[in-house]
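Chains as they are written, first to last, in my numbering: chain A, 1 to 350; chain B, 1 to 350; chain C, 1 to 350.
These are calculated hints, taken from the structure and not from any lab test. Warning: the hint list may mix true and false statements.
[Stated by the list, open to error] List of simulated lysine-lysine pairs, DSBU-like, C-alpha gap at most 35 Å: (1) Lys-196/B <-> Lys-338/C; (2) Lys-338/A <-> Lys-347/C; (3) Lys-196/C <-> Lys-263/C; (4) Lys-296/A <-> Lys-196/A; (5) Lys-137/A <-> Lys-137/B; (6) Lys-196/B <-> Lys-263/A; (7) Lys-45/A <-> Lys-137/C; (8) Lys-29/A <-> Lys-197/C; (9) Lys-296/B <-> Lys-197/B; (10) Lys-113/B <-> Lys-54/B; (11) Lys-263/B <-> Lys-67/C; (12) Lys-197/C <-> Lys-196/B; (13) Lys-347/C <-> Lys-331/B; (14) Lys-196/B <-> Lys-45/C; (15) Lys-296/A <-> Lys-296/B; (16) Lys-331/B <-> Lys-338/C; (17) Lys-197/C <-> Lys-113/A; (18) Lys-54/A <-> Lys-90/A; (19) Lys-197/A <-> Lys-45/B.
Chain residues, written in single-letter form:
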Amino acid sequence: MQFTAAQIAMMINGQLEGDATVSVGNFGKIEEATTGDLAFLANPKYEDYLYTTKASIVIVNNTLELKQPVSATLLRVPDAYAAFAALLSKYQDIVAQQLNGVQQPSYIASSAKLGEHIYIGAFAYIGEQVTIGNHVKIYPGAFIGNNVSIADHCTIYPGVKIYHDCIIGSHVTIHAGSVIGGDGFGFAPMPDGTFKKIPQIGNVILEDYVEIGANATIDRATMGSTIVKQGAKLDNLIQVGHNAEIGSNTVVAAQAGVSGSTKIGSNVMIGGQAGIVGHITIADGSRINAQSGVSKSIKQPNTTVTGSPAYDFTATLRSQALSRNLPSFEKRITELEKLIQQLLAEKVAS
Amino acid sequence: MQFTAAQIAMMINGQLEGDATVSVGNFGKIEEATTGDLAFLANPKYEDYLYTTKASIVIVNNTLELKQPVSATLLRVPDAYAAFAALLSKYQDIVAQQLNGVQQPSYIASSAKLGEHIYIGAFAYIGEQVTIGNHVKIYPGAFIGNNVSIADHCTIYPGVKIYHDCIIGSHVTIHAGSVIGGDGFGFAPMPDGTFKKIPQIGNVILEDYVEIGANATIDRATMGSTIVKQGAKLDNLIQVGHNAEIGSNTVVAAQAGVSGSTKIGSNVMIGGQAGIVGHITIADGSRINAQSGVSKSIKQPNTTVTGSPAYDFTATLRSQALSRNLPSFEKRITELEKLIQQLLAEKVAS
Amino acid sequence: MQFTAAQIAMMINGQLEGDATVSVGNFGKIEEATTGDLAFLANPKYEDYLYTTKASIVIVNNTLELKQPVSATLLRVPDAYAAFAALLSKYQDIVAQQLNGVQQPSYIASSAKLGEHIYIGAFAYIGEQVTIGNHVKIYPGAFIGNNVSIADHCTIYPGVKIYHDCIIGSHVTIHAGSVIGGDGFGFAPMPDGTFKKIPQIGNVILEDYVEIGANATIDRATMGSTIVKQGAKLDNLIQVGHNAEIGSNTVVAAQAGVSGSTKIGSNVMIGGQAGIVGHITIADGSRINAQSGVSKSIKQPNTTVTGSPAYDFTATLRSQALSRNLPSFEKRITELEKLIQQLLAEKVAS
Chain A
1 MQFTAAQIAM
11 MINGQLEGDA
21 TVSVGNFGKI
31 EEATTGDLAF
41 LANPKYEDYL
51 YTTKASIVIV
61 NNTLELKQPV
71 SATLLRVPDA
81 YAAFAALLSK
91 YQDIVAQQLN
101 GVQQPSYIAS
111 SAKLGEHIYI
121 GAFAYIGEQV
131 TIGNHVKIYP
141 GAFIGNNVSI
151 ADHCTIYPGV
161 KIYHDCIIGS
171 HVTIHAGSVI
181 GGDGFGFAPM
191 PDGTFKKIPQ
201 IGNVILEDYV
211 EIGANATIDR
221 ATMGSTIVKQ
231 GAKLDNLIQV
241 GHNAEIGSNT
251 VVAAQAGVSG
261 STKIGSNVMI
271 GGQAGIVGHI
281 TIADGSRINA
291 QSGVSKSIKQ
301 PNTTVTGSPA
311 YDFTATLRSQ
321 ALSRNLPSFE
331 KRITELEKLI
341 QQLLAEKVAS
Chain B
1 MQFTAAQIAM
11 MINGQLEGDA
21 TVSVGNFGKI
31 EEATTGDLAF
41 LANPKYEDYL
51 YTTKASIVIV
61 NNTLELKQPV
71 SATLLRVPDA
81 YAAFAALLSK
91 YQDIVAQQLN
101 GVQQPSYIAS
111 SAKLGEHIYI
121 GAFAYIGEQV
131 TIGNHVKIYP
141 GAFIGNNVSI
151 ADHCTIYPGV
161 KIYHDCIIGS
171 HVTIHAGSVI
181 GGDGFGFAPM
191 PDGTFKKIPQ
201 IGNVILEDYV
211 EIGANATIDR
221 ATMGSTIVKQ
231 GAKLDNLIQV
241 GHNAEIGSNT
251 VVAAQAGVSG
261 STKIGSNVMI
271 GGQAGIVGHI
281 TIADGSRINA
291 QSGVSKSIKQ
301 PNTTVTGSPA
311 YDFTATLRSQ
321 ALSRNLPSFE
331 KRITELEKLI
341 QQLLAEKVAS
Chain C
1 MQFTAAQIAM
11 MINGQLEGDA
21 TVSVGNFGKI
31 EEATTGDLAF
41 LANPKYEDYL
51 YTTKASIVIV
61 NNTLELKQPV
71 SATLLRVPDA
81 YAAFAALLSK
91 YQDIVAQQLN
101 GVQQPSYIAS
111 SAKLGEHIYI
121 GAFAYIGEQV
131 TIGNHVKIYP
141 GAFIGNNVSI
151 ADHCTIYPGV
161 KIYHDCIIGS
171 HVTIHAGSVI
181 GGDGFGFAPM
191 PDGTFKKIPQ
201 IGNVILEDYV
211 EIGANATIDR
221 ATMGSTIVKQ
231 GAKLDNLIQV
241 GHNAEIGSNT
251 VVAAQAGVSG
261 STKIGSNVMI
271 GGQAGIVGHI
281 TIADGSRINA
291 QSGVSKSIKQ
301 PNTTVTGSPA
311 YDFTATLRSQ
321 ALSRNLPSFE
331 KRITELEKLI
341 QQLLAEKVAS
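Chain A extracted, bound-state conformation:
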């Protein structure tokens, strides 16, 4: 798609300086952009690039005073970054709206109920009794198990698998390859050392505005539901165990894991590769640093922990620093022992 400077000026309510007919089809960073690109300048430290950029159009702040002539067409707005971001969102909406209809071959059970303005890609599988809302996009090769419901405005990327009976709220995004509702890891030990599977008959509920990264796994509950609450954002390759709860607006970075039955509060931040044991509670607003291993409940809201096992952040930093001083500690202790022995020897001698 191509847009002229005049068209974009209207979209973002910007003041146009330069050629109104020049057109762009791509976005670029001001330092890397080429002809036909739209860029922006928000941070004054990049201003030099404005005079050398090959971008055709640059969005700038109203307050900018030019020090040299500029070849690009300028669009002046109160906040260049915000205007650029809004434009990106609008652009992505336009692209997304172009995706619609049902590609063939796909498999849609006759009992499935489909909303309006949806896209179902080739090789997607829609099981029995599935309900799909309006404006939902299901990319190629996704698997939607029996009796799943997906509310309006969701995007299910290629190869996502949602097992039977799971419930997906509105405006949910699930990236490629993630598995929602696989069996929880529940096995009862038998007297002969083998394990007997405990049936996992619950489901997973993803509430509205949840986003899940690629190749993540969220297990179904043994009974009841594993729940990811409204607005939570989970990154790639994360694991959420059966019957766990992730609070609203909580953010979980890549490769972190939450074990079964643990309840994470709201507005918690969990760093990459962190792990949280099962059956504990993490208070609202907690911050769990990357690679931490949390083995006990965090009861005080807004606590920051770090380390494995995880403890209070500041204390742990001090201990970690001292732990690198251990060689000097040992030297000081040995020296003290020598001095004491001297004193004792002299006392005996005297």
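Take the given structure of chain A and dock chains B and C to it, following the hints.
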């Protein structure tokens, strides 16, 4: 599916109290169940819910003495939890048996041999010379490479990929998105700093009753086989390197990794996010705690280790506790140094 | 495929001893091989197996002197291992060449441009404006998004998903289930505690000779490109964040993660389950041990670090060893305190 209280009483050999004609179609927790649900009461601490539950049928222990009237139909058995679990298994078997036949479109090579009573979902791919046993379920979008064999009663969930030549025992379950038999990570360093791939021509063998979670990866051997032995249970997102062996009835929690050529014994428990280096041996019955990093063989059976690098559990706990005391250690050493200096100064002065 | 000893002797330029007409169809380890297998003997410590092996053909070093009669046909070459490895590569090339043509059903957009001698498996999806080079193999169920380009001699295994606009160099291999170009994890915090998605409009570039393991995730850049440079090898389940760069010939072991905007130099080795925070730089030739957590840039080339947080390898090993001595440290400090108190008490008394 709907079952009446009378039908369920027969299935679990229970003694019926109340309306025998009431019917249920779902399972629920006693505290959350609604009309049409079947629940159970095993733990006396939940007894209060029995008098308020909306469940239509509740399975209870023979020994229960009612303190108030109950609206649900009761089914009395010697062990309510065991009866409930048995019912769940039976129910899942019934559901599973409904899955059968070959959905279209699917791709089945003409040289593949298919057993009886199987299910092959839409978009599943069955390669040349593949052998599939009886009662096997292959969900939509699974990929079964050339010359793979899958024995009876296996369940291969959506989007599982099994590379060529792998051997899957009977009663094996593989959850969605897992990759069995990808190339081992083997590259020979060249003098110019590049790496040359070492061909990986072995396979993976999953023995009977193995269960693999979602999005796990088990690499094929360079030569010979990577083996997961009978009854081992591996959770989501785990990694098993080339030529590794996982012993029978060993349990590996989510996001753990076992490097190439390492042999894990039987009945070992490996915690979440633990990592085990290559070319070592872990004795039977060992317990490797979550997030541990095991860098040396464990030769003594039933050893518990923790930490990264991993050491004996009790000693590590003590060191970790003391490590949080390091600030007080430093204070005590500094105090001792001051006192010694005083004593020495006085001695010189005297 | 079957090859006679005479045919293989020609392929590897070997000197034949024994029956030239015996034929083999498989490779095997000398200690496990059976009739119809080809094995090799390079390491003298396995020589005993030569006299008992059931392999039909064994490749041996020219210098080998037989101590007993051998039933297998021998092929003598200057370097038995090198000849065997060359044969494996040749064999895999032959197998790979048998894969060609377009299986049905598959989905190929009419605007896609396909090279020659390609294989496209059933249920593969090739989007609009996709360009695919010569000798490319795309296995069943792979998803190639709009405007992706894939250069010559690439292998894309089953169920790989490549999002729109990504660029794949030549001789690239991507194993099953990996996701290339999913959205970077970028969300702006709003005053009400919710998060607003930052559009991710960049792409991923995989340069020539890159290999990516199974179920890995490499996120697209917010703007610009996430880049994996020539010859880098990434293992299973690894995570690369948006706008990160992985240098040429760098090796990343399984389950490691590189956060957004971090630049990894060339010839770096990153161990399994290691994590690297965002916005830092790792110098060429660095070695990051398994499970390390790197929180600061590494500026000195060829540095080895370990631990979480990661520090210089040798110093960390010393601290870790001393940390296990903490119980004895405490004992020594307590003993010193007792002695000092005695001395002070005596001084007062005297």
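Does the structure keep Lys-331/B and Lys-338/C at a Cα separation of 35 Å or less?
16 Å, holds
*Under the criterion that the straight-line Cα-Cα distance not exceed 35 Å, is the pair Lys-296/A, Lys-296/B satisfied?*
28 Å, holds
ask   = Within a Cα-Cα threshold of 35 Å, do Lys-347/C and Lys-331/B meet the stated pairing?
value = Satisfied, since the Cα-Cα distance of roughly 24 Å is no more than 35 Å.
Is Lys-197/C close enough to Lys-196/B, meaning Cα to Cα at most 35 Å? Distance of about 41 Å is beyond 35 Å: violated.
Take the C-alpha atoms of Lys-29/A and Lys-197/C, compute the straight-line distance between them, and say whether it is at most 35 Å. Holds, at about 19 Å.
Pair hint Lys-296/B and Lys-197/B, alpha-carbon separation not exceeding 35 Å: 27 Å, holds
- Within 35 Å, alpha carbon to alpha carbon, are Lys-196/B and Lys-263/A? Violated, at about 47 Å.
> Is Lys-54/A within 35 Å of Lys-90/A, Cα to Cα?
Replying inline: Since the Cα atoms of Lys-54/A and Lys-90/A sit roughly 24 Å apart, the hinted pair holds (cutoff 35 Å).
Given the hint that Lys-45/A pairs with Lys-137/C, test it: the Cα-Cα distance must not exceed 35 Å. 46 Å, violated
Take the C-alpha atoms of Lys-137/A and Lys-137/B, compute the straight-line distance between them, and say whether it is at most 35 Å. 28 Å, holds
### Query
When you check the alpha-carbon spacing of Lys-296/A and Lys-196/A, does it fall within 35 Å?
28 Å, holds
* Asked: Does the structure keep Lys-113/B and Lys-54/B at a Cα separation of 35 Å or less?
  -> 50 Å, violated
Going through the hint list in order, the structure does not satisfy hints 1, 6, 7, 10 and 12.
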